[in-house]
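Listed in order, the protein sequences are those of chains A and B. Here the numbering used here is used: the first residue of the first sequence is 141, the next is one more, and so on. Here the numbering used here is used: the first residue of the second sequence is 17, the next is one more, and so on.
Keep in mind the hints are simulated off the structure, nothing from the lab. For each residue, glycine too, the CB sits at the ideal point set by N, CA and C. Fair warning: there could be bad hints in the mix.
[What the hints assert, rightly or not] Stretch-level coverage of chain A by chain B, calculated; a stretch enters the list once three of its residues show a Cβ under 8 Å from a Cβ in chain B:
| hint | stretch |
| --- | --- |
| 1 | 157-164 |
| 2 | 222-229 |
| 3 | 306-316 |
[Said to hold, decoys possible] Far from chain B, by Cβ distances over 10 Å, these chain A residues were calculated:
| hint | residue |
| --- | --- |
| 4 | A278 |
| 5 | T293 |
| 6 | R394 |
| 7 | M402 |
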Amino acid sequence: MTGSSIGIEIEGVTHGYTPRSGKPTVALDNISLSIRPNEFHALLGPSGCGKSTLLFLIGGFQKIQQGRIRTARGDVTAPGPDRGIVFQNFALFPWKTVIENVRYGLEKKGLKGSEAEARAKHYIDLVHLTGFERSYPAQLSGGMQQRAAIARTLAIDPDILLMDEPFGALDAQTRRIMQEELLAIWRRTSKTVVFVTHDVAEAVFLADTISVMSARPGRIKRLVQAEFNRSDDPHIHKSPAFADMVEQVWDMVRDEVDQARMQGH
Amino acid sequence: MATLLRYTPLLIVALLWELISRSGLVSQQMLPAFSDVLRTLVELAQSGDLLSNAVASLGRALLGFGLAVVLGGALGAAMALIPFVYRGIDPIVQIFYPLPKSALIPLVLVWFGLGDKSKMFLVFLGCLQPMILATFNGLRGVDTILGWSARSLGASRLEVVREVLFPAALPQLMTGLRTALAFMFLLMVSSELVIATNGLGYLIGSFGDQGSYREMFATILVVTGLGFAADRAFLAWSGHLLRWRP
Chain A
141 MTGSSIGIEI
151 EGVTHGYTPR
161 SGKPTVALDN
171 ISLSIRPNEF
181 HALLGPSGCG
191 KSTLLFLIGG
201 FQKIQQGRIR
211 TARGDVTAPG
221 PDRGIVFQNF
231 ALFPWKTVIE
241 NVRYGLEKKG
251 LKGSEAEARA
261 KHYIDLVHLT
271 GFERSYPAQL
281 SGGMQQRAAI
291 ARTLAIDPDI
301 LLMDEPFGAL
311 DAQTRRIMQE
321 ELLAIWRRTS
331 KTVVFVTHDV
341 AEAVFLADTI
351 SVMSARPGRI
361 KRLVQAEFNR
371 SDDPHIHKSP
381 AFADMVEQVW
391 DMVRDEVDQA
401 RMQGH
Chain B
17 MATLLRYTPL
27 LIVALLWELI
37 SRSGLVSQQM
47 LPAFSDVLRT
57 LVELAQSGDL
67 LSNAVASLGR
77 ALLGFGLAVV
87 LGGALGAAMA
97 LIPFVYRGID
107 PIVQIFYPLP
117 KSALIPLVLV
127 WFGLGDKSKM
137 FLVFLGCLQP
147 MILATFNGLR
157 GVDTILGWSA
167 RSLGASRLEV
177 VREVLFPAAL
187 PQLMTGLRTA
197 LAFMFLLMVS
207 SELVIATNGL
217 GYLIGSFGDQ
227 GSYREMFATI
237 LVVTGLGFAA
247 DRAFLAWSGH
257 LLRWRP
C-alpha cells in the first residue's frame with residue numbers, strides 16, 4: 141500500500157455523450173467525491189444514472205471531458221494496473237484457460253515461468269477455483285467465471301478495485317456467497333473498492349459508504365455510512381439495524397427509480 | 017461407423033447415377049455410368065495427366081489465395097483499426113461486393129495473357145473480398161471490455177491488438193478463410209475453363225470439347241474430391257484452433 145491519504149479524489153466531473161440518433165445527453169453532472177484509501181465504496185442508483193460511466197472514468201477507459209480524477213499515483217489519464225476492474229460479464233479471454241487468464245496480467249508485470257505459475261495458483265486458490273486451472277471459461281458456470289475474473293484482477297495486486305455490477309449476472313445463492321467471499325478478501329488485502337450496483341441490500345451489506353446517485357443527469361444525491369461490512373456477525377442480514385438501513389436507503393433510491401422509469405429505462 | 021452413416025446419401029446418389037445411366041433412360045454420352053467414370057479416373061491417374069494438371073492448378077490457386085489472405089487480412093485490419101482507412105476503402109469494397117469475379121475473366125485475359133498470372137490474379141480477386149470482410153467484421157465485433165480488461169492488466173494498445181483483438185476475432189477469421197478457400201476452387205476451375213493451356217479446369221473443358229465425357233466426369237470428380245478434402249482438413253484444423261469455444 142502507498143502511504144498516501146488519497147484513495148480516489150473526484151473533482152467536478154461532468155460527462156456527456158451523443159447517441160447515434162438523438163440529442164446530446166449529460167450522463168454525469170458535476171460529480172465530486174472523495175474516497176478514502178481502503179474504503180469500500182458503493183455507487184448505487186437506477187440504471188442509466190451514469191454510475192458505470194463514473195467507474196469507467198476512474199478506470200481511465202474513457203476520456204475525462206471535464207473535471208479531474210486523482211489517485212495516490214496522480215491524475216487518471218489512461219488505464220493502468222494500479223486500478224483493476226471486474227465486469228458484470230466477466231470479460232475473461234475465452235481462448236485462454238483459467239490459469240492463462242490469471243497469468244496474463246502477471247506476465248505484463250514481468251513475472252515469468254514458475255513464479256507466475258505459483259502466484260496465479262495462489263489467487264486461483266483464494267477464489268476457490270483450484271482444480272479448474274486448465275478449464276476454458278466456456279466450460280465454467282457464471283459464478284466460477286466471475287471467480288476467475290476476480291482472481292485475474294487481484295493477482296496484479298491493484299491499489300484500487302473497480303467492480304461494475306460484478307454479481308449482477310449470477311443467481312441469488314451464488315451472489316450471496318460471492319458477496320461474503322469478496323468481503324473476506326477485501327478485509328485481508330485492504331484495497332480501495334468502488335462497487336457499482338443497483339441492488340440496495342448488496343450495497344448496504346458490502347460498503348462502508350454508499351453514494352446514492354440520481355437519475356440522469358447523474359448526480360450524487362446522498363452519501364450514506366453503512367459499515368455493516370466491519371461486523372463479524374454472519375447473520376448481519378437478519379439484524380434489525382441492517383433491515384432499517386436497507387429501508388432507509390430504499391426510500392432515497394425509490395424516487396430516482398421512478399424518475400428513471402419516466403425517462404424510459 | 018457414424019461417419020459412414022452420415023455419407024449414406026452420397027452412396028445412394030452414386031447408386032441412382034449408375035442405375036439411371038445403365039437403364040438407358042439417358043444416353044451414356046450425357047451421363048456415363050458411375051462405375052465407368054471411376055475406371056476412367058484410375059486410368060487417368062495412372063497416366064500422370066491428372067497429377068501434373070492438378071499440380072499446375074493448385075500451385076497457381078494457392079499463390080493467389082495466399083496473397084489474398086495476407087493482403088485482405090492487412091486491409092481488413094487497417095479498416096477496422098484506422099477510421100481514415102475505413103472511409104477510404106469501404107466504398108470500393110462495397111461497390112465491388114456484388115460483382116461476380118468471373119465476369120472479369122475476359123478482361124484479365126487481356127491484361128495478363130494465357131499464362132499463370134491471369135489465373136492467380138482471378139483467384140486473388142475472388143478470395144480478397146471474403147478475407148477483407150471477415151477480418152474487418154471480426155475485429156470490429158470484439159467486445160470493447162475485453163480490450164479494457166487487457167489494458168487494466170497492463171497491456172499496451174499494440175499488445176491489445178495482437179493479444180486480444182486478433183485471438184478474439186479468430187472464429188470470424190477462420191470463417192473468412194473457409195469461404196476464401198471455396199472461392200479459390202471456384203475461380204481456379206472457372207478461369208481455367210476460359211483461359212488456360214493446362215490445369216484441371218482446362219482438362220474438363222478440353223475433354224468436353226473432344227466429347228470424352230467419361231474423362232470429363234472423372235476430372236470433375238477429382239475437383240470435387242480435392243475441394244471436399246481441403247474443406248474437411250480446414251475444418252479439422254479450425255476446430256483444433258477454436259477448441260476453447262463451447
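Each hint, compared with the structure:
| no. | hint | in the structure |
| --- | --- | --- |
| 1 | 157-164 | violated (count 0) |
| 2 | 222-229 | holds (count 5) |
| 3 | 306-316 | violated (count 0) |
| 4 | A278 | 4 Å, violated |
| 5 | T293 | 8 Å, violated |
| 6 | R394 | 30 Å, holds |
| 7 | M402 | 29 Å, holds |
When each numbered hint is compared with the structure, violations occur for hints 1, 3, 4, 5.
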